[in-house]
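Undergrad: The listed protein sequences correspond, in order, to chains A and B.
The letter at position 61 of the first sequence is residue 61 when you use the numbering used here, and the numbering goes up by one with no holes.
When you read off a place in the second sequence, starting at 1, and then add 204, the result is the number in the numbering used here.
Any given hint could turn out to be false.
[Claimed, not checked] In silico contact screen, one side only, chain B against chain A (beta carbon under 10 Å); selected entries:
no., residue
1, 242
2, 245
3, 312
4, 322
5, 323
6, 375
7, 406
Everything labelled a hint here was simulated from the structure, so no lab data went into it.
Virtual Cβ for every residue (Gly too), placed ideally from N, Cα, C.
There are 2 protein chains.
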Amino acid sequence: MGISPQQFEQLQARIRTGTRRSPRASNAPPAPPTPASARRIVLGIDPSLRGTGWGVIQADRNTAVALGFGTIHCPAVLARSRCLVRIAEALRQAIRTHTPDACAIEGLFFAQNLQTALLMGEARGACLLAAAEFGLEITEIAPRKVKQAIVGFGGAQKAAVAQMVLRMLSLSELPEPDAADALAIALAHARDLFRPALTPRKPL
Amino acid sequence: MGISPQQFEQLQARIRTGTRRSPRASNAPPAPPTPASARRIVLGIDPSLRGTGWGVIQADRNTAVALGFGTIHCPAVLARSRCLVRIAEALRQAIRTHTPDACAIEGLFFAQNLQTALLMGEARGACLLAAAEFGLEITEIAPRKVKQAIVGFGGAQKAAVAQMVLRMLSLSELPEPDAADALAIALAHARDLFRPALTPRKPL
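For reference, chain A alone in the conformation it holds in the complex:
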């Protein structure tokens, strides 16, 4: 199979400049701005009774920016039921401010014991309730899948996740660990949203 003199010329040029083949890109006009319909605003939640992380990002197929993030601190002196009220109120406020259209929450697949699972479940219940009250589409995402999507390794450390979140969202400073986890969850879910799904997603 031969190549034309023109193709040979292009190949030589690419070898000289060290660029990879992108014949279409060289002739094509610059990509049009992403239409608003292809942008999603995603709320990520990392639920916990004493320190729930949340993060809202706006994403399209190629880029993502953080709209807001934080950690909902509940000191140990605060009764459990009062923590739940604080968590739900803070999330409602974040939803009203940043108007997400999708929500992803970290799934729990391991707990030390029954009591831990129950407490974690209560915090998750308050988070799910707050998001569902606004009619948000909610998806559960496994911690390993988040790490895999962000760091490329399912067993990554929390600090590595936070560093990648800092870079991917061009943040000026490292977010608190729980907020960084929530932003990672939002980023991982946004990536899923812009990819055709092999199996239909089951809303939570």
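Starting from the known structure of chain A, arrange chain B on it as the hints suggest.
TA: Coordinates of chain B only, in the frame set by chain A:
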């Protein structure tokens, strides 16, 4: 130790009529009506994702009446997060209608597995949140303690609990099992409220 002729007379009369000693009751005026301050309105909750039971009773030291009760049904086709919204909404409606001043919720001390505990926790979270938003004092009560208080036996069957609830509250018909459990929780907690506590109650 001898007895006076008057005491002998009283004893003879009690033996004839078969009554037990209550010298004060015989001479005392009828008990005054319970002041409003000594009445409590208690909301009992038996949380579950697909069938949360609730019941509100008004109780004083000796009597209790049901103000309202029901089961919040969530069919299997309803997404988990939407169930939580339905549960919280129904409980808020019950609280607005019957204005309880205390709330008792069944504690979970056994679950088949982690996933069950987590789902149960989510339902509990929605219930606790709804009650805490109204500033209710919330107490957790163990299932065995409820059965012990109502039937007198910690291992009692659900049907026996429902039968006792029917009698204690003079209901015209047997409530649904989940609603009966919730009324039993409210009754058991009301009994606790009118008894001096050996250890301070820790609010949930």
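Undergrad: Take the hints in turn and mark each one as holding or not.
TA: Hint-by-hint comparison with the structure:
1. 242: Residue 242 (chain B) check fails; min Cβ-Cβ to chain A is 26 Å, beyond 10 Å.
2. 245: violated, 18 Å
3. 312: Since chain A brings a Cβ to about 6 Å from residue 312 (chain B), closer than 10 Å, the hint holds.
4. 322: holds, 4 Å
5. 323: holds, 7 Å
6. 375: Result: violated, 29 Å to nearest chain A Cβ.
7. 406: At 8 Å from the nearest chain A Cβ, residue 406 (chain B) passes the 10 Å test, so the hint holds.
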